[in-house]
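Listed in order, the protein sequences are those of chains A and B. Letter by letter, the first sequence follows residues 1 to 180 of my numbering. Letter by letter, the second sequence follows residues 1 to 342 of my numbering.
Watch out, some of these pointers could steer you wrong.
Restricting the straight-line Cα-Cα distance to at most 16 Å, the calculated cross-link-like pairs of lysine to aspartate or glutamate (EDC-like) are [said to hold, decoys possible]:
#1 A:K65 with A:E160
#2 A:K170 with A:E133
#3 A:K155 with A:E111
#4 A:K42 with B:D40
#5 A:K97 with A:E111
#6 A:K36 with B:D40
#7 A:K41 with B:D40
#8 B:K188 with B:E270
#9 A:K46 with B:D40
#10 B:K9 with B:D115
#11 A:K155 with A:E114
#12 B:K144 with B:D40
#13 A:K170 with A:E150
#14 A:K43 with B:E270
#15 A:K40 with B:D40
#16 A:K132 with A:D67
#17 A:K65 with A:E111
#18 A:K108 with A:E95
Among chain B residues calculated to face chain A with C-beta under 7 Å, some are [claimed, not checked]:
#19 I38
#20 D40
#21 I42
Away from chain A, derived, C-beta distances all over 10 Å, residues of chain B [as the list claims (entries may be wrong)]:
#22 I6
#23 K9
#24 T28
#25 E31
#26 L34
#27 K71
#28 T110
#29 I113
#30 S175
#31 L278
#32 A279
#33 F292
#34 I304
#35 M328
#36 I337
Don't read these hints as lab results, they were simulated from the structure. Using N, Cα and C, we set each Cβ at its ideal position, and we do this for glycine too.
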Amino acid sequence: MESLTNRKKVVSNKPMTFIEKLYLPAIFSGMFITLKHMFKKKKTIKYPEETRVFAPVYRGQHVLKRDEQGRENCTACGLCAVACPAEAITMVANERKKGEEHLYREEKYAETYEINMLRCIFCGLCEEACPKEAIFLTDRIVPTEFERGEFIYGKDILVESIEERIDISKRQNTGKRGVV
Amino acid sequence: MDLAFIIEKFSLVLLVFLISLGVAAYSTFFERKLAGWIQDRIGPNRAGPFGLLQPIADGVKMFLKEDFIPKNSDKWLFIIGPGISMFTALITSTIIPWGPPVEVFGRQVTLQIADFNIGILFIFGVVSMGVYGIMIGGWSSNNKYSLFGAIRASSQMISYELAMGISLITIILMSGGLSLNDILDHQKGINWNIFYQPLCFLIFFICSLAETNRAPFDLPECESELIGGYHTEYTSMKLGLFLFSEYVAMFISSAIISILFFGGYHFPGETYFVGNTLAIISILVFFAKTFFFVFIFMWIRWTIPRFRFDQLMHLGWKTLIPLAIINMMITGIIIAIYEGWF
Numbered sequence: 001m002e003s004l005t006n007r008k009k010v011v012s013n014k015p016m017t018f019i020e021k022l023y024l025p026a027i028f029s030g031m032f033i034t035l036k037h038m039f040k041k042k043k044t045i046k047y048p049e050e051t052r053v054f055a056p057v058y059r060g061q062h063v064l065k066r067d068e069q070g071r072e073n074c075t076a077c078g079l080c081a082v083a084c085p086a087e088a089i090t091m092v093a094n095e096r097k098k099g100e101e102h103l104y105r106e107e108k109y110a111e112t113y114e115i116n117m118l119r120c121i122f123c124g125l126c127e128e129a130c131p132k133e134a135i136f137l138t139d140r141i142v143p144t145e146f147e148r149g150e151f152i153y154g155k156d157i158l159v160e161s162i163e164e165r166i167d168i169s170k171r172q173n174t175g176k177r178g179v180v
Numbered sequence: 001m002d003l004a005f006i007i008e009k010f011s012l013v014l015l016v017f018l019i020s021l022g023v024a025a026y027s028t029f030f031e032r033k034l035a036g037w038i039q040d041r042i043g044p045n046r047a048g049p050f051g052l053l054q055p056i057a058d059g060v061k062m063f064l065k066e067d068f069i070p071k072n073s074d075k076w077l078f079i080i081g082p083g084i085s086m087f088t089a090l091i092t093s094t095i096i097p098w099g100p101p102v103e104v105f106g107r108q109v110t111l112q113i114a115d116f117n118i119g120i121l122f123i124f125g126v127v128s129m130g131v132y133g134i135m136i137g138g139w140s141s142n143n144k145y146s147l148f149g150a151i152r153a154s155s156q157m158i159s160y161e162l163a164m165g166i167s168l169i170t171i172i173l174m175s176g177g178l179s180l181n182d183i184l185d186h187q188k189g190i191n192w193n194i195f196y197q198p199l200c201f202l203i204f205f206i207c208s209l210a211e212t213n214r215a216p217f218d219l220p221e222c223e224s225e226l227i228g229g230y231h232t233e234y235t236s237m238k239l240g241l242f243l244f245s246e247y248v249a250m251f252i253s254s255a256i257i258s259i260l261f262f263g264g265y266h267f268p269g270e271t272y273f274v275g276n277t278l279a280i281i282s283i284l285v286f287f288a289k290t291f292f293f294v295f296i297f298m299w300i301r302w303t304i305p306r307f308r309f310d311q312l313m314h315l316g317w318k319t320l321i322p323l324a325i326i327n328m329m330i331t332g333i334i335i336a337i338y339e340g341w342f
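Work the whole structure out from these sequences, hints included.
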């Protein structure tokens, strides 16, 4: 049958010539290849001094964003929890009281918000589901722990602090989500 | 025998011992560096500047490991095994001439611990004793993989020692003496044996790779098949001695190759120098040649894959021995013609 890809090779079993039987030319060409590699540029990244640059689409530890005035974006709608294929997200909603307008952007907010990092598969579907630009995956790495319980991250870890905002501009510029 | 002579020989022994061990220690470091370079990596670079303290760190690690002796092993042989390996690797360095005579405090000092008139035979005798360390170590471990390693080592030794010996007869024929000094006197300047006996050099080099159990002939240890072969059951400094003796043996056989084929400490233009200047330059030249061969040993290890055992036997018995015999006969005939026998 006619080959479609033109990539197949015909196997030949012809006896080796005298030069091939000596093996020495093959050995010398092999040694020349390794000699060339000795002087090539090394691929090593010296880790503690240099770190590898993350891709803009890297999906690491989550962050719950605040808006410009420092109010939490999340309204505890639960769409992220529904979208999550690993069932890692749980939350308890609560109503905003009078005098809490500087803390929460809308009338409803998440009283507790927990992500189980052992269940999470870092797929980013929560981020896609969120209508309020509240949850994002960042280029931070989830650290190791000694106890299972320590992997359940609450709002104390997930919500960014007002002073130290987490930069997610690279993530927004990937074109994965439209501007809301 | 006066006191000065004893002091001279003793300090020479100590110096050669320390140099052999130091070179072996840094060969392990350089081997890892070279492996890294060949594989586009950097190699060890954490301990000290450029990783130069790595051998010391390795040594300390080896000493701090648990020293384990298997319950069903033959305890004495288990302990003696690595000792024999190390002893035979080091004892060959006694007859190596490291350079021309030096003048120290008005005394003429020969840089050779002992000048035997049977030089090469002594090397062969001692080097073939080296396999006893491996055999005893492998057998006394009471482990089938160790035993396989030991058997492989001994059969490999038998098949390569023969070709090595026969190939060397040509060198002995040319120089007319067994002592290493006779062989060196024959190749002053650039009159090196390699230009007369390239085939002999090739055979000898392949055989010395097999003798020192280096890749591509490292079947006795063969990590992928035998889990380390003869040193499977060894831990701590006993394992360290086995690994270390391999590097010492590599250093010594590089030195012997450079003496037999590359003029040892002789170099072109040596007639322009005299006295201690000549001696120092000669010693440096000799070490440069030796380290070049150590480098080639390592370069081969990280290039060529391991032989299969039947290929190894085929190469030894069916290729190298006939080649060595033919080479020996041709050399003999040519020498006979030159001497006017016909």
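**OP:** Give me the numbers of the hints this structure contradicts, sorted from smallest to largest.
**Re:** 12, 13, 14, 26 and 34
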